[in-house]
Amino acid sequence: MSEKRQRLVEIRWHGRGGQGSVIASELLAEAAMDEGEYFQAFPDYGPERMGAPVRAYTRISTSPIRQHHQIIDPDAVAVLDMTLLGVVDVTEGLKDDGALIVNTSKSPAEIRQILKLDKARVYTVDASRIAMDTLGRNIPNTPMIGAIIKATGVVSREGVVRTIQERLGARLSKGMVEANVRAVERALAETQQG
Amino acid sequence: METRVKGKLLAFRGDEAVAEAMRQINPDVVAAYPITPQTETVQAFSQFVANGEVDTEFIAVESEHAAMSACIGAAAAGGRAQTATSGPGLALMWEMLWVASGMRLPIVMPVVNRTLSAPINILCDHSDSMGARDAGWLQLYAESMQEAYDNTIQAVRIAEHPRVMLPIMSCLDGFILGHSFEPIEILPDEAVREFVGTYKPGYSLLDVDHPVTYGPIDFHGHFFEHKRQQVDGMESAPEVVLQVGREFGELTGRYYGLTEGYELEDADFVIVALGSVTGTIKTVVDDLRQQGQRVGLLRIRCFRPFPAQEIAQALGNKKAVAVLDRSLSFGAQAHQVYLEVVTALYTHGYAPKVVNYVYGIGGRDTLPHEVEQVYRELAEVDKTGVIQPVVRYLTVRE
Amino acid sequence: MKAKGWKELTTQGALIAEPGNSDTYETGSWRSRRPKFIPEKCSHCFICWVFCPEGSIRVEDEKMVGIDLRYCKGCGICATECPRDAIEMGEEFVAEKGA
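As given, the protein sequences belong to chains A, B and C, one line each in that order.
Position 183 of the first sequence, counting from 1, maps to 183 under my numbering, and the rest follow consecutively.
Add 1000 to the 1-based position in the second sequence for my numbering, that's all there is to it.
Add 2000 to the 1-based position in the third sequence for my numbering, that's all there is to it.
No lab work stands behind these hints: they were computed from the structure.
Virtual Cβ for every residue (Gly too), placed ideally from N, Cα, C.
Do not rely on the hints blindly, as some may be mistaken.
Unchecked claim - Listed next, with one range per pair, are the computed distances between beta-carbon atoms:
1. Gln1333/B <-> Arg7/A: 43 to 49 Å
2. Leu172/A <-> Tyr1393/B: 44 to 50 Å
3. Gln165/A <-> Ser1236/B: 35 to 41 Å
4. Gly1331/B <-> Val87/A: 52 to 58 Å
5. Glu1053/B <-> Asp2023/C: 28 to 34 Å
6. Arg121/A <-> Trp1098/B: 58 to 64 Å
7. Lys174/A <-> Ser1117/B: 41 to 47 Å
8. Asp1286/B <-> Ala52/A: 55 to 61 Å
Claimed, not checked - Heads up, simulated DSBU-like pairs for lysine-lysine below, C-alpha to C-alpha not over 35 Å straight-line:
9. Lys2007/C <-> Lys2041/C
10. Lys1282/B <-> Lys1200/B
11. Lys2002/C <-> Lys1227/B
12. Lys2041/C <-> Lys1200/B
Let the hints inform the model, and build the full structure from the sequences given.
Next up, the structure:
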C-alpha cells in the first residue's frame, strides 16, 4: 500500500429510503473540504422507494480520488436503522479495526451479541430519539454524522457544522439548520463505545 | 497565449456539474426531456432558466425525439442548441441524430450513460452511446466528473469549428459519475463565456434576407457526395479536439487529448478502456507498478472520430493488450471498442495479442481485484501465446 | 452540366444557399394529362389557386386567367376541386408539351 492510499478513509452507509443516508454521505464528505482534503460520496441505487434498504458511500482522502467503484472493505459502517441488522450483512468487509456505528437505544455490547461480532469497534447512539427531540421528526442522518466523527475523527466538528449550515441552509429554515447542528452536538456527546 | 484562470473548488453532483457548465455556456435553446439518470441535469438547468440566470429559451418537450427535433430547428435557425439524455432517451432520438449530423448542426449533448432495456435497468453501461456511434456525432467519454464538466465546455468549440460542424456527445457514466458527489473546479463564468465565444453560424433559417433551404431532398445525384463531405468533417475533427484541448489546458492547467496514456510507455501489458473505470484502473496500475509489474493503461477520450493511428502506435509493440467494452454488439465477433482497436492495429501493420473483456453491463461494479485479474490473464496470454477465448466476460457468473 | 464532386460543394449538409431555384425546374415536363380552362364557367373563387401544388394558376387583376403550363404537372387537383367544372383534364400529346 502506498502512503497516499493509507490516508484514504472509506465509509459505508446503510439506511432505508427516506432516512437521508445519501444526504448524510454527502454532508460528511463535504465537511472534509475544510481540511483541504478530497472526497467522494455516491449512492448505490436500487429501487428508490421509501423504506427500501439503501446503501451509500463516502470516501475521504488526502490525495485525489480516482477510483469509482463501491467500497468493499470499509473503515466504518453507519447503520441508520436497526431493523436492517437482520436484513443486510452490515459488517460485510468491515476492517478488523474498523468502526460499526448503529442508530439504536441498545448498548454496544448488545449489538455485538446480536451480530455475534468480536472484531472492530462498536458505537451506538440513539439517533432517532435525538432527531425526534431536536428536529421533531425521525430523520436520524445528521446525528449519525456526529456519531461518525466521534468514532473515527475523519472530519472535524467545525467542518460538519459549516457544511450543514451551507448545504441545509439553502433549503431549510434557520431554526431547522440550528436544530440539525444541535443534533450533531448531542450525538457527539451521547455516542457510546463498546 | 491565454492567462491561466483559477477556478473555484466546489462540491457538486456530476449531473449538476454538467448543468453548471451549460449555465455558463448560456445556450440560446435547450430542449430536453428528463430521464434517469440524466434527470438532475435538466432539473438544475430548468431552475437556472426559471431564476433568470440564463438567457436560454427552454423547451420542455414531450419526448426525446421532439427534444432533438427542436434542437435541430434551433440550430438551423443559427442558435446554439443543447440537450441532454440517457439510455432509452438516446434510443428514441435515433432518427433525429442522423438528421442533426447530416445537416451539419453543431448541437452539444451530454449523454449520461445508461443501459438499454430489457430487462428493465436504469444503471450504467455504454449500450446507448455505443449504439449511436455510427450516427455522425463526435463522442467524448469522461473519466471523472471534472472531465465531464470540462468536456461539456470544450464540446461547444469542437462542434462549432467551421471544418467540423458536427454534433457532439459528451458522455459520462450514469450514477457512477452522474450521481457521485465530489469537489470539482468550476471556472469563473466570464472565463467559460470567453472560451466558448459567440457562435457565428454561416447560415440561418430565420435570415429572411438570405433565405436558405436546410435538409432538401437529395437522391442518387448528390447524396453520396454530401455524405462523403460529412466524413471529411469527422476526419477534420481530431486536430480540432487537440487544439481545443490544448487551449483549455492553457486556460485551466487541465490538458486534454484524444487518448491518455498512464504508465504506458514501458508497459508490457496494457488495458484499453473508456469512461469512469479508467480511474479505478489507474489505482490498480499504481499498486501493480509498486510490485514491479510493467502494466499500463490507454484511455480513449475521443471515440468518434476514432484516433486509430495514435492508438495503433501506442499499442503496436506491447506483449498483450486487453480492450474493455461496457456494451455488447450482439452477433459481432467481439465488441465495439475492441473491433476498432484491432482494426487500427492491423491496418497500421501491428499484431500484438489482443483480448476483449466485457465488463460493467447494467451497472455491474468493477473492483480493483477484477482489474488485477485482467492483467494476470494478459501475462498468461503472453506466456502461452493463446488468446482464446478472445471475448471474456468480467465478473459474470457462469 | 457536370455534377459536382464532394470537394466542390460550396455548402455543408446539402444546404441550398441560392433561393428560388425551383424557378428553373420546369415541372411541366412531367405532365401526361393537360388541364383546359373554360373561362365562361369560372367564378374566380380561387379554390384551384389554393390547391395547386405547383403554384401554376395564373392570376391577373384578381381574376383567374389560365394555367402556367411550364410548371403544371397535370395532377388534376384543380379540376377535381373546381366547384363549377371550369377546368377539364384532357389528353396531353408530346407535340403540344411546353405550349
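Do Lys174/A and Ser1117/B keep their Cβ atoms within the hinted range of 41 to 47 Å? holds (45 Å)
Is Lys2002/C within 35 Å of Lys1227/B, Cα to Cα? holds (19 Å)
Mind checking the hinted window 52 to 58 Å against the Cβ distance between Gly1331/B and Val87/A? violated (41 Å)
Evaluate the given range 35 to 41 Å for the C-beta pair formed by Gln165/A and Ser1236/B. violated (51 Å)
For Lys1282/B and Lys1200/B, compute the direct alpha-carbon distance and say whether it is at most 35 Å. violated (40 Å)
Holds or violated: 28 to 34 Å for the Cβ distance of Glu1053/B and Asp2023/C? violated (48 Å)
Range first: 44 to 50 Å. Now tell me if the beta carbons of Leu172/A and Tyr1393/B are that far apart. holds (47 Å)
Is it true that the CA of Lys2007/C sits at most 35 Å from the CA of Lys2041/C? This hinted pair is violated, its Cα atoms lying about 56 Å apart.
Return holds or violated for the Cβ distance of Gln1333/B and Arg7/A against the range 43 to 49 Å. With a Cβ separation near 45 Å, Gln1333/B and Arg7/A satisfy 43 to 49 Å, so the hint holds.
Cβ separation of Arg121/A and Trp1098/B, checked against the hinted range 58 to 64 Å: holds (59 Å)
Has the given pair, Lys2041/C with Lys1200/B, been kept, meaning a C-alpha gap of at most 35 Å? Cα-Cα ~56 Å, so violated.
If you check the beta carbons of Asp1286/B and Ala52/A, does the distance land in 55 to 61 Å? violated (37 Å)
Going through the hint list in order, the structure does not satisfy hints 3, 4, 5, 8, 9, 10 and 12.
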